[in-house]
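*Asks:* With chain A fixed as given, assemble chains B, C and D onto it according to the hints.
4 protein chains.
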Amino acid sequence: MPTFLGQNQYGKAENRVVRITRDGATHHIKDLNVSVSLSGDMDEVHYSGSNASVLPTDTTKNTVYAFAKEHGIDSAEQFGIHLARHFVTSQDTIHRARVRIEEYAWERIEHSGEGDHSFVRAGQETRLTQITYDGTSWEVVSGLKGLTVMNSTDSEFWGYVKDKYTTLPEAYDRVLATDVSARWRFHWSDDAEDAPDWEESYAEVKGHLLRAFAETYSRSLQQTLYAMGARIIDHRDEIDEIRFSLPNKHHFLVDLAPFGLKNDNEVFFAADRPYGLIEATVLRDGCEAKIPADLTNL
Amino acid sequence: MPTFLGQNQYGKAENRVVRITRDGATHHIKDLNVSVSLSGDMDEVHYSGSNASVLPTDTTKNTVYAFAKEHGIDSAEQFGIHLARHFVTSQDTIHRARVRIEEYAWERIEHSGEGDHSFVRAGQETRLTQITYDGTSWEVVSGLKGLTVMNSTDSEFWGYVKDKYTTLPEAYDRVLATDVSARWRFHWSDDAEDAPDWEESYAEVKGHLLRAFAETYSRSLQQTLYAMGARIIDHRDEIDEIRFSLPNKHHFLVDLAPFGLKNDNEVFFAADRPYGLIEATVLRDGCEAKIPADLTNL
Amino acid sequence: MPTFLGQNQYGKAENRVVRITRDGATHHIKDLNVSVSLSGDMDEVHYSGSNASVLPTDTTKNTVYAFAKEHGIDSAEQFGIHLARHFVTSQDTIHRARVRIEEYAWERIEHSGEGDHSFVRAGQETRLTQITYDGTSWEVVSGLKGLTVMNSTDSEFWGYVKDKYTTLPEAYDRVLATDVSARWRFHWSDDAEDAPDWEESYAEVKGHLLRAFAETYSRSLQQTLYAMGARIIDHRDEIDEIRFSLPNKHHFLVDLAPFGLKNDNEVFFAADRPYGLIEATVLRDGCEAKIPADLTNL
Amino acid sequence: MPTFLGQNQYGKAENRVVRITRDGATHHIKDLNVSVSLSGDMDEVHYSGSNASVLPTDTTKNTVYAFAKEHGIDSAEQFGIHLARHFVTSQDTIHRARVRIEEYAWERIEHSGEGDHSFVRAGQETRLTQITYDGTSWEVVSGLKGLTVMNSTDSEFWGYVKDKYTTLPEAYDRVLATDVSARWRFHWSDDAEDAPDWEESYAEVKGHLLRAFAETYSRSLQQTLYAMGARIIDHRDEIDEIRFSLPNKHHFLVDLAPFGLKNDNEVFFAADRPYGLIEATVLRDGCEAKIPADLTNL
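Residue numbers (my numbering), protein chains in the order written: chain A, 1 to 298; chain B, 1001 to 1298; chain C, 2001 to 2298; chain D, 3001 to 3298.
Calculated directly from the structure, the hints in this document are not laboratory data. Some hints here could point you the wrong way.
[Said to hold, decoys possible] Below are the DMTMM-like pairs computed for lysine to aspartate or glutamate, each with C-alpha atoms no more than 20 Å apart in a straight line:
(1) K249/A / E2070/C
(2) K2249/C / D2173/C
(3) K3030/D / D2255/C
(4) K3164/D / D1255/B
(5) K3206/D / E3238/D
(6) K1206/B / D1237/B
(7) K2030/C / D3154/D
(8) K290/A / D255/A
(9) K1262/B / E3044/D
(10) K249/A / E3014/D
(11) K1162/B / D2058/C
(12) K2145/C / E2107/C
(13) K162/A / D3058/D
(14) K3030/D / D2179/C
(15) K2290/C / E2238/C
(16) K3262/D / D2163/C
(17) K69/A / E1266/B
(18) K2069/C / D3173/D
(19) K3249/D / E14/A
(20) K3249/D / D3272/D
(21) K3249/D / E2107/C
One chain only, chain A, in its complex shape:
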C-alpha cells in the first residue's frame, strides 16, 4: 500500500456535565462541556479495523461523569488534569490525552425565598481550557471566547499604506469593537511544581484584559491587542504566552447628509461581514511560542 497513517486522535466530544455541590440549602454549580481526545498505539484500528487497543469513546464519556462524582470539579483546569492523567496512566495503549473544556458561568438569582439554589446563566464569555498530558509533562492553555467589547471613542486609524486598490478614508475618531477570543499558556508543566490557583488566575486575566482594552488609546487594533497581552503577562507570573484572535467588528458611520442631517459620531451601522481579523501572540521574554497560530484551520 503506497500510503501510511499520520497523526491521529480520537475520543468523545462535547460531554455536557453539570455538577451540583450542596452545602446545606446553599448549592454550588459547575457547568462544563468536556471533550476528550486520545492518541497512542492506534495503527491497527486504522489499517485493519481491530479495536484491540481502543478504549471506546463511550468509556471516555462515562469516565467524565464518574470523575465529576469522584473528584468533584474545583476548576475546569483541575478536572481536566484528573481526566488526562487517568487515561494516560491507566491504559497501556494511550500515550497522550488532551482534554478540552468549555465552561458556562452562572450567577445567583437574588430573591427573598429560602435556600440559595437558583441561578441565571451569565451569558457573557465562554471560559475555555485545554489540558495536554503525555505521561511526563503538562501543557495547560486556558482562554475565553465571545467577550464582546467596545470603545466608543479614543480609536484612530491613519498613516497606512495606500496602493491602487485603497479607497478607505483615514479616521481620527472611530468606534473600536471586537469579540475577544484569547488563549493563554501557563508556565506550569511539572507535577513537582505547585499549580496555579486556576480560578483566581482566570478572574484576574479577564480583568486585566478588559481594563487594558478600556485604557488603551488605540491607533490600530494591533496596538490594542498587544497592550492587552503585555499587561496580562506583566501582571500574571503564571502565564508565559497569550494569543488573540480579534475580529474588527466594524461600526460604520452612517451617511445622513442626503437627509440634511449631520452625523457627529452618533449613528452607526454594525456590520456583519466582511470584518477585519487581527491575530497575534504576545510572549514573555525568553519563552517559546507553543499556541498554534490559527484558531481554526479552514
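*Replies:* Okay, now just chains B, C and D, sitting in the frame of chain A:
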C-alpha cells in the same frame, strides 16, 4: 385567475443600529436590531409588478438611521413608536406598520483611565419589542429571549397520567432549568393616555420573573410558568397579558451505579434534544388574549 | 387571584427519529424531527401543579418511536396524522394535538459495492409539515424552508414611491435571490375524504415553485412571490392556500470605478443584513386564509 | 518591556463575492467567501500603533472584488493564487499571504422559459481551499465540510478495551453516520510545474471519498477513515496528504421492549451530543505531514 392575494407585508429586516450619546467624556449606548414591516394598498405590486404604491425597503432602512439621529433612542419601545407613526402617517398607501426590535445590553467596563466610554456586552437575555400601529391605536408587546435559569432543587414531577407508552419514573427532587422566552402586552394603546416608563417596566418585569422562578416550589414547569406570569401581572399595572415559551432543559441524573458510585443529585447530563416545551398565556382578569399562541409557525 | 390562564399547550419537541426499512440489501430511510404539542384540560397543572391530567412529555417521545415501528413512516404527513389521532382519541384530557415535523432528504451514494444502503444527505431545503387535529377535523399545512434560489438577470426594480429618505437608484437589470420559506394548506380536512398522495404532492409543489421562480420576469419580488403561489394553486387541486416569507438576499453591484474597472453586472457583494423581507398569502378563489401571517412572533 | 511579539497575521475575513459570467443568455456563477490573512514587517503596528507598514484590510477587500473582475474566477484555487501572489509581490512589507475560500455550489433550475440564468443552491457540502504563498513556494490545501453520509448496515464495533468505566455493549450491525470534514494537500508547490486541474480534482476526490465510504465494510470509523484517505491518494497523484475530522453521529437503537415491540434495526434516535470524534491523517509514502492536526484550537 382562480387565485387572489391575502395578507401581505414587506419591509427591511434586521437593521443594526448603534446610537452613541455623548455627555462629555461619558458616553451612553443603545444597540438595536430593527425590523420594519408595512402593509397597505399593495395589490398591484403582487399582481402586475407595478411599484407605484411601494416605498422601497431601502428607504425604510434609511429612515431607521435618520430617526436614530433625529429622535435619539430613549427606549426601543419609544423608537419603534416614532418609526411606526411615521410610516403610517406619511405614506398614503401604508395603512399598518409593525416595528420589531431586538436590543443587546452593554455594561460599562470599570477601569482607572479617563472618560467613560468603554463597554462589554452583557450577553444574557435579548430584549424584544414589537410596535404595531394602524393609524388609530397602538399595540406594544415587549419581551425577552435567551434568559437561562436553573433551580438545582425544589422541583418535583409525579402523579401524572400513565399509558402504555409511559416509562418515566416519578421524580421528587429534580433540576428545573429553562431558557425563558416571554412576550408581554401593554395596556397602553391610545396616544391620549400616558405611556409607561418603558425602561423601568422592562427592568421590573425581568426582576419579578426571576424572583418568581426562584421562589416557586415546583410540581411542574406549568405551575412555575403560571407563577411567573401571575406575579408580573399582579405587580405591573401596565401589563395585561404575558405569554411564555419554556423549553424544559432536561438535566438527567447520570447512572453511576455501574461504577460503584452513588449519584446523590450531584452529577447531571445536560441534554440538547428532545426537550419538553411548555407554552401558556397568563391574562389579567377581564382582558382578552392578543399575543399569538405560537412563537414560531413551523 | 386577578389573573387567569389563556391558551396553553405542551409536549416534547424535536424528537429525532430515523426509520430504516430493509428490502433485502436495499434500504430505505426516513429522517424526521418530530415535535408534539398537546392541549386540553390543563388548568389544574398551571394553577396548583397537579399533574393528574398530564400525559408526560416523555411519553409523547416514546410514542413517536413506538409508532415509527408500529406504523412505519410512509410520509411525514401520514406519520403526523397517526400521532395526532392517537393523542386525541386515547386521552380523555387531550382535546387537540398538533404535530410538527421537519424532514431531511437523503440521496443514495452510487457505488460498485454490494447492497444499496449508503446515503448522502441532500442538504438543500428542509421539508416541513404540521398536522392539527381536534377530534373532528384535520388541518394539514406542509412547506419547506432554506431553498435558496437566484436569477442572475430578468429582474428590475423601479417606479417606486420616493420620499425624503429615499436614496435608492432604480435598477433595470439586477440579481434576484431569496431563501424560500413556504407553507401550504391542504384542502383535505375530513377522514371521510381521500387524503392526497403526500409524497407526490410535495415533489410537484417544489417543482412548480422552482419553475415559476425561474420563468417569471420580475419587476418586484412581490410579483415573483405571487406568480409562485398562483402557479401552485393552479396546478395542485389539493392546495387551497400558500404563504411565503421571502428575504430579498441583496447582491449589490460592487463599484469598481475607483480601480478603473467597469462592472457590467459581473461582480456582486452578497450582503447578510439588513435584507428586504416580503411576505404574502395566495389563496384559491373562495377559500379563507388560515395560515398565520407571521412565521415568527418576535 | 518584558514581553515580545510572536506570530501575527491580519486581513479581511469573509468577503462574500458572487461572480457572474455571461455567455449570451446562459450565465455561469461562482459564489465564494474569501478570507485574506497577511504577515510581514508588522512589529511597529503592534508596539507603537504606527500603520506605516499596514495595507488596510479594507484594501484587501477591494482587491478581492477587483480581481474577480480582472482575472475572473475559474476555480477557487486559481483565484486564491492570484490574490496571494499579488499581496506578496506588490507590497514590500508583506512576506506571506494566506487566502482561505469557502465555495457554495449552485445547480441550474430546469424550466421551459428562455435563457439559462436561474439557479438553486445545492446545499450539500461546502468546498474549501487555502492558498499560502511566501514569495517562493506555494501550499495548496483544499477540502470540504458538511458532507453528511450514512451506511445503514455493514458496520460493527466490538473487541475493544474494557476498563472499569466501560458499559458499552458490542455491536455487530450498527448505523455508521458522519459529517465528513476533510482537508487534502496538493503536491504542487512550484510555479515552474504545471498546476492540477483544480475543478476536476475536486470532483474526483469527492467521488472517491463517497464511494470508499459506501464500499467499506466497517469495524471502526477509524478503518473507514483510512480507507477513504488511502483510496484518494491511490487514485489522485496530485494529492500527497489528507486529513479527516469525522464526528461519529450516533444513531442509537431505541429500546421498544417496554411497549412489547421488537426493534430489528429499524428505529433509531439520532443524537446530538456527545459524539465520538475521529481524526487522522493519511499520507503518501515518502511524504511529510503538513496539515495541522486540529481543525479547531479550542
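*Asks:* Give a verdict on every hint.
*Replies:* Going through the hints against the structure:
no.: 1; hint: K249/A / E2070/C; verdict: 53 Å, violated
no.: 2; hint: K2249/C / D2173/C; verdict: 15 Å, holds
no.: 3; hint: K3030/D / D2255/C; verdict: 19 Å, holds
no.: 4; hint: K3164/D / D1255/B; verdict: 14 Å, holds
no.: 5; hint: K3206/D / E3238/D; verdict: 14 Å, holds
no.: 6; hint: K1206/B / D1237/B; verdict: 15 Å, holds
no.: 7; hint: K2030/C / D3154/D; verdict: 19 Å, holds
no.: 8; hint: K290/A / D255/A; verdict: 45 Å, violated
no.: 9; hint: K1262/B / E3044/D; verdict: 59 Å, violated
no.: 10; hint: K249/A / E3014/D; verdict: 12 Å, holds
no.: 11; hint: K1162/B / D2058/C; verdict: 11 Å, holds
no.: 12; hint: K2145/C / E2107/C; verdict: 18 Å, holds
no.: 13; hint: K162/A / D3058/D; verdict: 11 Å, holds
no.: 14; hint: K3030/D / D2179/C; verdict: 18 Å, holds
no.: 15; hint: K2290/C / E2238/C; verdict: 15 Å, holds
no.: 16; hint: K3262/D / D2163/C; verdict: 69 Å, violated
no.: 17; hint: K69/A / E1266/B; verdict: 7 Å, holds
no.: 18; hint: K2069/C / D3173/D; verdict: 18 Å, holds
no.: 19; hint: K3249/D / E14/A; verdict: 12 Å, holds
no.: 20; hint: K3249/D / D3272/D; verdict: 7 Å, holds
no.: 21; hint: K3249/D / E2107/C; verdict: 18 Å, holds
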